[in-house]
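2 protein chains.
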Amino acid sequence: EGWELAEQANRIRRKFTFPDFRTALTFVNHVGELAEEMGHHPEISFGWGHASVEIWTHKIGGLHENDFVLAARIDTLPET
Amino acid sequence: EGWELAEQANRIRRKFTFPDFRTALTFVNHVGELAEEMGHHPEISFGWGHASVEIWTHKIGGLHENDFVLAARIDTLPET
Chain A
5 EGWELAEQAN
15 RIRRKFTFPD
25 FRTALTFVNH
35 VGELAEEMGH
45 HPEISFGWGH
55 ASVEIWTHKI
65 GGLHENDFVL
75 AARIDTLPET
Chain B
5 EGWELAEQAN
15 RIRRKFTFPD
25 FRTALTFVNH
35 VGELAEEMGH
45 HPEISFGWGH
55 ASVEIWTHKI
65 GGLHENDFVL
75 AARIDTLPET
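Quick mapping for you: the protein sequence lines, in order, are chains A and B. When we follow our numbering, the leftmost residue of the first sequence carries the number 5, and every step to the right adds one. When we follow our numbering, the leftmost residue of the second sequence carries the number 5, and every step to the right adds one.
Treat each hint with caution, since some may be false.
Stated by the list, open to error - Below, a list of computed lysine to aspartate or glutamate pairs in the DMTMM-like style, where the Cα atoms sit at most 25 Å apart: (1) A:K63 <-> A:E8; (2) B:K19 <-> A:E11; (3) A:K19 <-> B:E58; (4) A:K19 <-> B:D79; (5) A:K19 <-> B:E11; (6) B:K19 <-> A:E69.
Simulated from the structure, these hints should not be mistaken for lab results.
Generate the whole structure from the sequences, applying the supplied hints.
Spelled out as structure tokens, the structure:
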């Protein structure tokens, strides 16, 4: 649970589970709106009952403070 | 371009490009609505300016006619 370092520690990733596809899609939309609001966009993968969010700063190919701000804000989103 | 076989030929995948994050998110929502309508759900990955859709039938761990129907319907979605 929570955020883990991924890909040689230059990005963070968190996996989420959901009861069905619809709630995963809704969560993905919340993450998408947050990303647009912040002007900082993660990679999002999802399917039936699950989603994964990866965050890093493309310009530096690694992690920057903004990445952790986005992660913390994603943590506040409803998962159902 | 178009659908390619992936993962030992037991799934198909197509990559899409977009001018920004918002249009990728909109496309993902169209795919999601189509998936809910068909009761057949792909794996979707996306980020700023791109999306990837993978389709297979979980029950058989491979490809079934429904997978190609979903792929063909995704091909009719607007990409902008």
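Verification of the supplied hints:
Distance check on the hinted pair: K63 (chain A) and E8 (chain A) sit about 21 Å apart at the alpha-carbon level, within 25 Å; holds. Taking the CA atoms of K19 (chain B) and E11 (chain A), the gap is near 22 Å; set against the 25 Å cutoff, the hint holds. Taking the CA atoms of K19 (chain A) and E58 (chain B), the gap is near 18 Å; set against the 25 Å cutoff, the hint holds. With a C-alpha separation of about 29 Å, the suggested pair K19 (chain A) and D79 (chain B) falls outside the 25 Å cut-off, and the hint is violated.
In summary, the hint linking K19 (chain A) to E11 (chain B) is supported, as the alpha carbons are separated by about 22 Å, within the 25 Å threshold. Of the pairs offered as hints, the one joining K19 (chain B) and E69 (chain A) is violated, with about 30 Å between alpha carbons and a cut-off of 25 Å exceeded.
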